[in-house]
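Using the sequences and the hints given, assemble the complete structure.
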Amino acid sequence: MFFNSLLTNFAALEVGQHLYWQIGNIRLHGQVFLTSWILLGALLVFISLGTKKMENDPKGIQNLLEFLWDYIRDLARTQIGEKVYRDWMPFIGTLFLFVFVSNWGGALIPWRLIKLPSGELGAPTADINTTIALALLVSLSYFYAGLSNKGWRYFEYYVHPTPIMLPFKILEDFTKPLSLSFRLFGNILADELVVGVLVFLVPLILPIPVMFLGLFTSAIQALIFATLAAYYIGEAVEEHH
Amino acid sequence: MLAFNFFGATEGGLFDINATLPLMAIQVVALTYILNSLFFKPVGNVVEKREKFVSNNIIEAKNKLSEVKKLEADLLTQLQSARTEAQRIVSEAENESDKLYKEALELANNEANASKEKARLEIESQTSAARDQLSKQADDLSELIVNRLILEK
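Going line by line, the protein sequences match chains Y and P. Residue numbers for the first sequence follow this note's numbering, beginning at 1 and rising by one. Residue numbers for the second sequence follow this note's numbering, beginning at 1 and rising by one.
The set of hints was computed from the structure by calculation and includes no laboratory data.
Simulated coverage check for chain Y against chain P, where a stretch passes if three residues somewhere in it have a Cβ under 8 Å from a Cβ of chain P:
1. 26-33
2. 84-91
3. 127-135
20 Å max Cα-Cα, derived EDC-like pairs, lysine to aspartate or glutamate:
4. P/Lys118 with P/Glu106
5. P/Lys52 with Y/Glu55
6. P/Lys41 with Y/Asp57
7. P/Lys41 with Y/Asp70
8. P/Lys52 with Y/Glu66
Being a predicted model, the structure only gives us computed values, none of them experimental. Glycine is no exception: its CB is placed at the ideal position from the N, C-alpha and C atoms.
Below is the structure:
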């Protein structure tokens, strides 16, 4: 309890404070939805602008979107493989875009200027609920990918190459979502905390390199999340011989 | 202690897991469908159409290039054969004219020799005739002289 209150009050940072929304019997973290709606709204507006008038000679936003599409296709193709990457490209791309937009939006927009009655706005990925939701979606998708592509033969994967692997492979099904969610959550939260503490202690100049470092880690985390998700799906649909 | 709260035990904390989780999952799934129809499908169509267009053009250009090379080689062999043909015709004509020249020359030489021979023969016969006549006249003259000398005696 002491540590929690220390953490809560340290540097006037609000850690573990949430803006609660009560709908009937369920409670939600309102700040997570608010920021995600703003950021995803901006993303969708940007994408609609870029795809409004598609031309054969790409200009402006369309160029950027095509680059992004190509990047996501390469990522999905290298990890999942030529055969089924098309089915999973939208999911991998959405994960990448969601995590990337959330991370960068949380780092670039001065949310702190908006005062909430409780908690504060920030990157949606700095909330454990979001990252666990993403990680569980990845788990569901690789199970679905494996079962839909190979049927019951998917479970051969658990005894491949020897049945000794069985307990480890089962354990992996739990560690995969755990590591996915905690890696993203920890990195983004830590980045927000470090920047917050530095801004509180030394408001000038010193936080800037840390902010750049934060932007770098944010982008890397988005890439890692999407790559690992694609890798897990690729592992599930891979044919063993 | 950091509070590790599952579904509405005590409030707050970093690990406060509640209905945000399933709702966020639904939101991400919805976002996947929205992005698929707004972004991945249209952009993919445009990019793949262009890639197809470019690769088709490259194949077409390659075909045309090979065709051009074939035609070039064809023309080159044609040119070569035309050249040898021309050379052959020229040398043939040269030979022909050479032969004609030689024939004409020989004919002229023969003719000249023949006329020269004829002239020589004529000269010779005339000379011998003249000589004969001369010796006959000399004989006549000597006979005349002898007769006159004999008669005077």
